[in-house]
Amino acid sequence: GTKRMTQMTDPHDGLVSFQEALKAGEIKPRPCEKHKDLTLLLDDANGTSRLTYSLIGDDGSVKALAMYCPVDPIDGVVCFGVGYAVAEQYRKQGLSYEIVEKSIDELVLGFGRHMPHLYIEAVIGVDNHASQKVAAKYLCNDPVRIIDEVSGLPALQYVSYRKC
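Take any residue in the sequence shown, count from 1 to its spot, add 86: that is its number in my numbering.
Just so you know, the hints here were simulated from the structure itself, not pulled from any lab data. Ideal placement from N, C-alpha and C gives every residue a C-beta, glycine not left out. Some hints could be false.
Unchecked claim - Below are the DMTMM-like pairs computed for lysine to aspartate or glutamate, each with C-alpha atoms no more than 20 angstroms apart in a straight line:
no. : residue 1 : residue 2
1   : LYS219    : ASP161
2   : LYS249    : ASP158
3   : LYS178    : ASP228
4   : LYS219    : GLU207
5   : LYS188    : ASP161
6   : LYS249    : GLU192
7   : LYS109    : ASP129
8   : LYS109    : ASP145
9   : LYS122    : GLU192
10  : LYS188    : ASP234
11  : LYS249    : ASP123
12  : LYS109    : ASP130
13  : LYS109    : ASP158
14  : LYS178    : ASP213
15  : LYS178    : GLU119
16  : LYS249    : ASP161
17  : LYS249    : ASP234
18  : LYS122    : GLU184
19  : LYS223    : GLU235
20  : LYS120    : ASP158
21  : LYS249    : GLU187
Unchecked claim - Pairwise CB distance ranges, derived in the manner of DEER restraints:
no. : residue 1 : residue 2 : range
22  : ALA107    : ASN227    : 18 to 28 angstroms
23  : LYS109    : ASP158    : 32 to 42 angstroms
24  : ASN227    : ASP158    : 16 to 26 angstroms
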């Protein structure tokens, strides 16, 4: 779809296209190491490496996903931007908390072999209260008010430092 510059990037769009690619057999996510109910797909998004963690139901439907892409380092330390979404029929079941918690575990476990620590950042629209609660629990509870670079809209930036 065409991105209007009046809205922030919506991870739910990524969930929908991930579901379509999965159903068409175009992608084959593999089970994660620590959380066997989670899958990981490493691919390329417009020239940038992307890690997509997903919770897939027995029927093959994507319940929730969290996507991580490298963003600008913080004080010389690698930083991953995260976006997460839950399919509409699975909302209000705590799956956003589950996908974020488990995907952070997997990310830190995987990258811990290569680096001592990393940062994780989420940029969330000021009106997205559900996502803010998740970011406050797993990233930080003192976000910085910023203007989102993509949309130009007010947003909150949550940053978490993680030892690997």
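Output the indices of the hints that this structure fails to meet, ascending. 1, 3, 5, 10, 11, 13, 15, 17, 19, 20, 22
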